[in-house]
Structure formats: structure tokens, C-alpha cells
Amino acid sequence: MSLKTNTSIQEEEKRTPSFSFPLFSFKSISKSRHLWLFLLPGFIIYTVFFALPTLSALFLSTTDWNGLSSQFSFVGFQNFKEILTNDSIFTQSLTNNLKFTIGVLIFQTLLSLGFALLLYKNSAWNTFYRSLFFVPTIISSVSIAFTWNFMYDPNIGGVNLFLSKIGLEHWTQSWIGNGHIAIYSLAFVQFWAHTGQMLIIFVAGIQAIPSELYEAASIDGATRWQKFKRITWPLLAPATTMVVAYTTIQSFKAFDLIIAMTNGGPSNSTEILSTLLYHEAFINFRFGYASAISVVFMIVIALLTFLQFRVLRLTKM
Amino acid sequence: MKKLLILLAMLTVIIAGCGKNSSTSGDSSDSSKKVTINFTHWRGEDSKAFDSIIEQFEKKNPNIHVEMTVFPSDSYQSQIQGSLLSGEGIDVFASFPGSQFETIRKANGFAKLDDQNLLSKFDEKLIQAGKADNTQYALPYQLVYNIPVYNKGIFEKLNLDVPKDWNSFLKTSETLKKNGYTPILFSGDVSPSQFINPMIMNNEPTNNALHEVETGKRKLTDEWFIKTLSQIKELNDKGYFQKDALGTKKESAAALFAQEKGAMLAQGSYMMATVKQQNPKIDQGLLAPITVDQDKAKYEGVHTTTFLLGVAEKSKHKEAAKKFLTFLADPKISSEYANATGQLLTVKDVKYDSPELKESAKWKDKKTVFQPRFTILNERVSKAVETSVQDVLSGMSAKKAAEKAQGEVERVAKN
Amino acid sequence: MKQNPFRQLILGIYGLIILLPLSLVLLTTFKTTPELYSNPIGLPAGWNIENYKQLLVNEPIFGYIKNSVIVTVFSTFFILWFSSMIAYAIIQLPQKLGWIVYGFFVCGMIVPTQVNMIPVFLLMNKLGLVNTLTGVIIVSISFLLPIGVFIITGFMKTLPRELFEAARMDGASEWKIYSKIALRLSIPSMATVGIFSFVIVWNDLLFPLLLLKSKEVKTLPIALLDFQGEFLTNYPMLFSAVVLSSIPLLIAYVFLQKQFISGMTSGALK
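Protein chains in written order, with the numbering used here: chain A, 1 to 317; chain B, 318 to 732; chain C, 733 to 1002.
Check before you lean on any hint, since a few could be wrong.
To be verified - For the chain B half of the interface with chain C, some residues (derived, Cβ under 8 Å), not all of them:
| hint | residue |
| --- | --- |
| 1 | VAL387 |
| 2 | LEU402 |
| 3 | SER403 |
| 4 | ASN476 |
| 5 | ASN553 |
| 6 | ASN656 |
To be verified - Cross-link-like lysine-lysine pairs, in silico, PhoX-like; alpha carbons within 20 Å at most:
| hint | chain 1 | residue 1 | chain 2 | residue 2 |
| --- | --- | --- | --- | --- |
| 7 | C | LYS947 | B | LYS365 |
| 8 | B | LYS578 | B | LYS560 |
| 9 | C | LYS947 | B | LYS351 |
| 10 | B | LYS633 | C | LYS858 |
| 11 | B | LYS731 | A | LYS81 |
| 12 | B | LYS593 | B | LYS365 |
| 13 | B | LYS631 | C | LYS858 |
| 14 | A | LYS165 | B | LYS560 |
| 15 | C | LYS785 | B | LYS365 |
| 16 | B | LYS550 | B | LYS494 |
| 17 | C | LYS947 | B | LYS376 |
Claimed, not checked - With beta-carbon atoms standing in for the labels, derived distance ranges:
| hint | chain 1 | residue 1 | chain 2 | residue 2 | range |
| --- | --- | --- | --- | --- | --- |
| 18 | B | GLN576 | C | LEU758 | 21 to 29 Å |
| 19 | C | PHE836 | B | LYS429 | 44 to 52 Å |
| 20 | C | LEU748 | A | ALA217 | 16 to 24 Å |
| 21 | B | LYS429 | C | VAL801 | 41 to 49 Å |
| 22 | B | GLN576 | A | SER70 | 49 to 57 Å |
| 23 | C | LEU751 | A | SER70 | 30 to 38 Å |
| 24 | C | LEU895 | A | TRP171 | 55 to 63 Å |
| 25 | A | GLU212 | C | PHE836 | 32 to 40 Å |
| 26 | C | VAL801 | B | LYS684 | 54 to 62 Å |
| 27 | C | ILE781 | A | PHE228 | 46 to 54 Å |
It is worth saying that the hints were derived from the structure and are not from the lab.
All residues carry an ideal CB built from backbone N, CA and C; glycine is no exception.
Sequences are here, hints too, so could you generate the full structure?
Here you go:
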């Protein structure tokens, strides 16, 4: 191998035009130049069409713009002050959002991991199950909302009718009419819809683990739990991080579902930050205030995600 | 090879994009001077009716093409906002009375409508919601009575008259309940904001009381509002609403009403056509709960003029837009729309064909007040009122719900 | 591993939990609205295909499908291409710089769409891209790059660097290393991002609704809105449209799944 390398370097040297730069730096310069080229197209599109518009919207958080008029004034941090000290609906939304996200996170992560462990082999049945569990992801969230509005309907809905038919009538609830449980009913729909999606990430992660490792462990007499703890779990670190982060972000942003199912009600019991910011921007005509809410929103998600990384790092020890 | 594919791909995209662009926005360079205007609204159920009207308009005006865009009502404002700001893609558009109309108007979003030819087609009393400072900025097209729809057949069967005061309303509901009907079908999503209107119309000291609450002149903790909430709570506690009213959606409630499982539907005249579609045999009427004694009742019902049609101030084709608006106000075209969609209109000389429309049209001669809730110009105050109804239905006491709502009103006033 | 009856039970139960609501949707497409409310969870009276007929006979549907296909295929293609290039660059940059670039892109994931929809519209308007498929494609690429970079970088990081070094020693250009080695080895993560992007762009309603005004360019989800009224939703028709619009996605998923699997088993890891 090294012989070949030496020869090819020599040939390169011969072909190189008479730059006086030593070969090493020429290569590294050309490599970095190439790397910038790799970054360029995505960078341009992302910056121009996403990052800059977002930043301009966020600057509006220091104004009282109502979204329509050509005039507005700067109010400094007043919007933030109001959010933190004088907005009971914001506080409610934040609490609801945390309830929703934590509920979704626990179930979505555990279920998708569990199913991935059962379904990672590429048999016909497994492919069938993986595809079946994935179907809700294919259906748009607006359609899912309609479906579950239907299922949760107190009079003609599938859930209560089904429970009555199998004799569990006393378990019937006002799933989305009862302010205390509505947010959890919605959380159920969220992980029902997305577990199959996270399943794919875990399956990809498990399939990437070389089977030789498991074979070697078997020879050493390891139990299934030991294999999981020592091989699967640590090597799934990137996948787990991804699933946890993506699930958190996805559930924080869950918007279509909530708007179409409960629109934040009853009595703001299902209002989360993304729906609150939408209502403030386009119903209450407080675009500046809504931008301030988005800033806080993003800080909260960033904090949560950072916390998760820490916690996950610890469990890998 | 791969690079070639990629280049081809990008070229196709660019060409596809360019192609669409020029074909739909080409105005100035076109020799035939064909103009495209956008007609934007939220009523998906009216699409077919409008399609036919647009076809007729285009026949009469071959140089104008009308592109209709429907955004669902809950995302309507967010979808038109960009267009209102830039003037691109918005010409004739609908808006809601109250805070949305106010905000757009203040931002100079509407072009002034002063063509007498157009204005004279409307019943002057009914287009006030689109007027400000003596200028007409938008024309309300639809007329709606936000009072419960009731099943005449059930009432007849049980020998019930339309109740004229609170006690008879309670008695009627009790009779209905005893005979196995849900007295009032209440849907958690729309009924709080609909039903509060007839309940408040005779309780409020002035017909502007809710607006006076937002200016600070009155409070939601005043006796009249607490009374209204406690009366709603009374209906719920006595079991006159169906089980889990808050969790019931408007279509479900309407379906139950169409199946004749309930006697009154806490929505409005706009629902009658839909109910009829589901049950052609049903005989419907409108009634409002009278919350006071008969002699103290100032009003018999509540009306709203909505679906305000306006022309965008920034529109590049204001003349064409006004032409389309005038066409929609033509009595023949309006009648076609009204009968196809089952809606009452504010236009003069409209001929209503269906029994439901004829029934609702009778209310034009009754004493009705403009929807109290739409006198509120700040959406957050409106939401607080709606929430207070939801709260009493969840079990909160009327006083506490009123206090909570008043707290929100005061918080809004501070900011 | 063992053919566990317990395993079958769990999978079966969850399978039913997924299947039952979905079959309800399917059954509803064969009913009429009054029938839906009088017989919500039962079998339809007759296999009434009126709804499907109405949808298919209605010409715009095929135009909408064509537009959806164009937008989705191009968006997904560029998302995959650009994010994989970015991921490749990130893992080779010096640590700190790599983290900054990574953070820059991935931060985009936490931005709620409602925040930038207005500025994006105004920008698109200035560029004359409103009412064009190109505009929607560009916007779709821009909001999916974060997740693409996130997932693909995550997997590319685990690739052994020696492979790249070795190839470089052999005189391979960066492009060759990227396309022949990095991409090949990242097929599972690429397929994942491909599936995600495909589904998200296909079903996207917000930006097509915002940017597309004329019938010739509207995409499929917009057609669904025709059945959603202010006070009445025609569920049977709506669900029929949902079923029709999900079929292409299912096909795409099954196809991509196969790629995914073949990528794994073709010894790409060697």
C-alpha cells in the first residue's frame, strides 16, 4: 500500500506545474477550497431563504408591530417583560407544552426503540409491520387531526363506542372536552402518528451495528440484556440522540394537530407555545409580541435539547 | 454522468418556474390586456356556487379572469397577511367584522368604496359593519342570525310554543328532556361564542356594553354579565345540554340535530341549509332564549352581517375588482348564490326559494340587535368572554369565571 | 431470535391501534355524510365509490398531482444532495469550525414556521417567485436542510476517517471521495432523510397555500381544502382525497425502503 502511495505522490510531483508551494499545502488548500464548494449551495439557499427572514422576524420582537400597518414603534424589551410577568396564558401555554412534550417524548422514544429491537431484521413480516407503523406519518397532520376528532367525538366517536362495546363504559371520557386530560389525549395522537417515523431511525441505527460484535458476545456467553446494555445501547447513541432531539422539537412545534383538533381550548388547556404565537400574531394582531414569544420558545427548546444531550451522555458512561 | 443529470435537473426547475411565472402574471405586455384578479375567502362550502358565478362574470367580461382562492377560516388571516402587505395576489377579498375589519382598515388595507351604483344595491341598514367615519370600506355580504335553530316538528309534537321569557324557556327545556330529546345541542368549538349573544342581548344595559367593557367603562364582574354566565351554567347543570358539550364539535352537534335527537341547536341560521342536506324532512325555525321577563325583553334575536367583501387598496386591478364586486351584488346573481348556499344576504331584492331561507328572512322584520360579541374590537377581550363560557361549562362558578375574564380584560388594557 | 408469542401479541395490538382508526378513514370514504353520522363505525351500506369518482373526474386533481410530484421530487433531490455535501464538509472541517457550521444549520430546526412565513413571502414576492413551483421548491429545500444536515451528519460522523484518508492518498478528488465513498456508506441515513423529506414536502400545506395562487400551479394538499368549509366539513370526500393523495407516498415509501434494505445488505459497510 505504502509503496503505491509513494509512487503516486512522485507522479503527482511530476505532473504538478511549477508552483513553488510545497506539495503538502497545495493539497490542503485545494481540499479546503473544495470543502467550501460543498457548503456553498446549501448555505446560500438556507441563509437567503430561511436564516435571514427568520432573523428579521425576530428583530420585530422589539416592536409593537401589529403585522399589517406600515407604522410601528420600538418598545425594547417590553414584550419580553410582559411575557414573563403579565401573561397568564403564556404561563399556561408553557406548562401545557411541557406536559405535552414530556408525554410524547417518553412514549414515542420507548415505543420506537422497543419496536425497533423487535423489528430490525429484514424479514417480510418485519417489513410489513414497519410499513404499517409508518403509515400515519404519510398522512398529513391535518388529516390525522380530522381522523382523531372523529375518534374522540363523545357521541359517535370510535374510542367511546369501542370502549362501550367491550364493556368498559366507565372508562369513556370527554377526551378533548375535559380541560384536565385534553392535552394528554392530544399527546397520544402525536406519538401515535410519529412513533413509526422514529422507528426507522432506530432500525437504521441497529442495522449499522456489525453483527460480528453480537456473535463475539454470544461466544463469550453474554445474555440478551448484557448485549443490549454493552453493545446496542452505546452504539445507538447517535440514533438515540437524534430521536430524542427530533421528537422534542417536533412535539414542541406540533401545530396543525392542535389547531385542527382543539384550537387551544377548552379554556386554553391545550394552548401550546406554537399555537399561542400563531394566535397572537394573526388573531390578536400582535406580530411584535408573537415574535417575542418565538424567541422565548426557541430558547426553551434549545435549553431542553441541551439538557437532553447532557443526560444522554451520562447514560452512556 | 451524474453531473449532467444534476445540471439537467436544475435547468428543468428553472424553466418550469419561469414558465409558470410569465403565464400567470403577464399583464402589461399582453396585447389583449387580459387581467387576472384574485377572489379570496374562507368558505370552502361555497366553492361550487362561486365557480358558476365566476364563469358567468368571465363571459360578460372576457378581459377579466377571476382566480378564486379559499383559505380555511382558522388560517385565513395568516395567509392573506403577506398579500395585504405586498399588494401581490389580493384583489377582492372577504374579512370578518370586528377586530379583523378594524385592523385592516386602520392599516389602509381597503380601497374606499364610493360608487353609488354599487352601494345602492345593498340594504343600507345592513352594511354598517363595513363602514367607518362615514366611508364604506367593505360590504358585508351575508346576513346571519346567531340564535338557536329549533326543530318545529318536535315542538309541535309536544305541543310547545316558542318560549317568551326565561321561566318558560326552562319549562320548555324540561319538557323536552322528559320526552327523551336533548333540549339544546351545544358544540364546544363554536357555541360558546354564538350562544352568549342571545343570552346577553336582554341582560346587557346597553347594546354596546361589551365594547364598554374593553374601554373600561364597565366590568365583566358587573351583575348583568355574571347573571348571563349563571344562566348558561343553569342550563348545563339542569342537563339541558347534551353530555360532554365541550367536547362536541359543530358538525357532530348539527348531525345530531339533523337526526332529530335534539330540539335546539346552539349555532345559527347559517347551519339550516347543512342540516336540511342531511335530513330533507326536517322542519326548522329560529328562536332565541329570552333571559328576562317578557315585558323587559328589548330584543327578539341577534343578527350579524359578515363575509365583508372589500377591494385591497394595494391591488393593481382595482377597477376590475370593483366590477366583480358589483357583479356579485346584482340581485339575480345574489339570489343564485343565496339559494345555492342557503345563506341570507344583505343585498336588496334577493329572492329566497328554500323554506329555510324564507323562514330566516322573516327575521328581518323582528327586533334584532347586532351581535354583541362583535362590538368588541380587541380579540383578546373577545377570547376572554368566550373562555368564561367554557369555564362555567367545565364547572367553574359564574362569579369566578367572570372575575377571571375581567382579570384578562384588565391585563389587556395595560398592554 | 426466538419466535416469541409475546412479541407477536405486542406487535399485533399496536398494529390494531394503528390500523383501526385508519380503516375507519377508509370505510368513511364509501359513505355519504348523513350515513357517516348515523353509522359512524360500521360498514358502509354499499361500496359507494361516488366520492372517488367525483375526485378523479374532476380534472384539476391530476394537475395538482403533477405539481405535487414536481415539487416533492425536486425538493427531495436537492435536500439530499445539499445536506449530504454539507455533512461531508462538516466532518472534515477543524473541530470548532465544524461545530459552528453544524450549529448554524441545525438551529433552523427549532424555528416555528409561523415566524418566518411573512418575511419569506415578502422576499419571494420581491424575487418574482410567488405563484411558481420553483419558489415552493426553494422554500422547501431551505426549511428541510436543518433536519437533513442533522441526520446525515450524525451518521457520517460514525464513518471511519481512514477510508477517506486512504482514498486521498490514492489521489482521489474530494468529489470522488464524497460520491463514491461517503454517499455509498450513508445510504441508510440518506434514505431516512429522503423518506422524511418526501412525506413532509408532499403534505406541506403552509407554503404552497401561501405562495401558489393559480390553479395551474397548486399542489394536492390544497385540493383537500375544497372540502373543508367554515361550518361543514365533507368528511367522506375529504378522506377520499386523503386516501388518493397517500397512495403515491406509500409507493414511494415501499420503494425507498427497498433501497434502504439493499444498501445495508450489499456489504456497503465493507
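Checked hints:
no. : hint                            : verdict
1   : VAL387                          : holds, 6 Å
2   : LEU402                          : holds, 6 Å
3   : SER403                          : holds, 5 Å
4   : ASN476                          : violated, 28 Å
5   : ASN553                          : violated, 23 Å
6   : ASN656                          : violated, 17 Å
7   : C/LYS947 - B/LYS365             : holds, 15 Å
8   : B/LYS578 - B/LYS560             : holds, 13 Å
9   : C/LYS947 - B/LYS351             : holds, 17 Å
10  : B/LYS633 - C/LYS858             : holds, 15 Å
11  : B/LYS731 - A/LYS81              : holds, 12 Å
12  : B/LYS593 - B/LYS365             : holds, 18 Å
13  : B/LYS631 - C/LYS858             : holds, 15 Å
14  : A/LYS165 - B/LYS560             : holds, 19 Å
15  : C/LYS785 - B/LYS365             : holds, 17 Å
16  : B/LYS550 - B/LYS494             : holds, 17 Å
17  : C/LYS947 - B/LYS376             : holds, 19 Å
18  : B/GLN576 - C/LEU758: 21 to 29 Å : holds, 24 Å
19  : C/PHE836 - B/LYS429: 44 to 52 Å : holds, 48 Å
20  : C/LEU748 - A/ALA217: 16 to 24 Å : violated, 35 Å
21  : B/LYS429 - C/VAL801: 41 to 49 Å : holds, 45 Å
22  : B/GLN576 - A/SER70: 49 to 57 Å  : holds, 52 Å
23  : C/LEU751 - A/SER70: 30 to 38 Å  : violated, 54 Å
24  : C/LEU895 - A/TRP171: 55 to 63 Å : holds, 56 Å
25  : A/GLU212 - C/PHE836: 32 to 40 Å : holds, 38 Å
26  : C/VAL801 - B/LYS684: 54 to 62 Å : holds, 58 Å
27  : C/ILE781 - A/PHE228: 46 to 54 Å : holds, 49 Å
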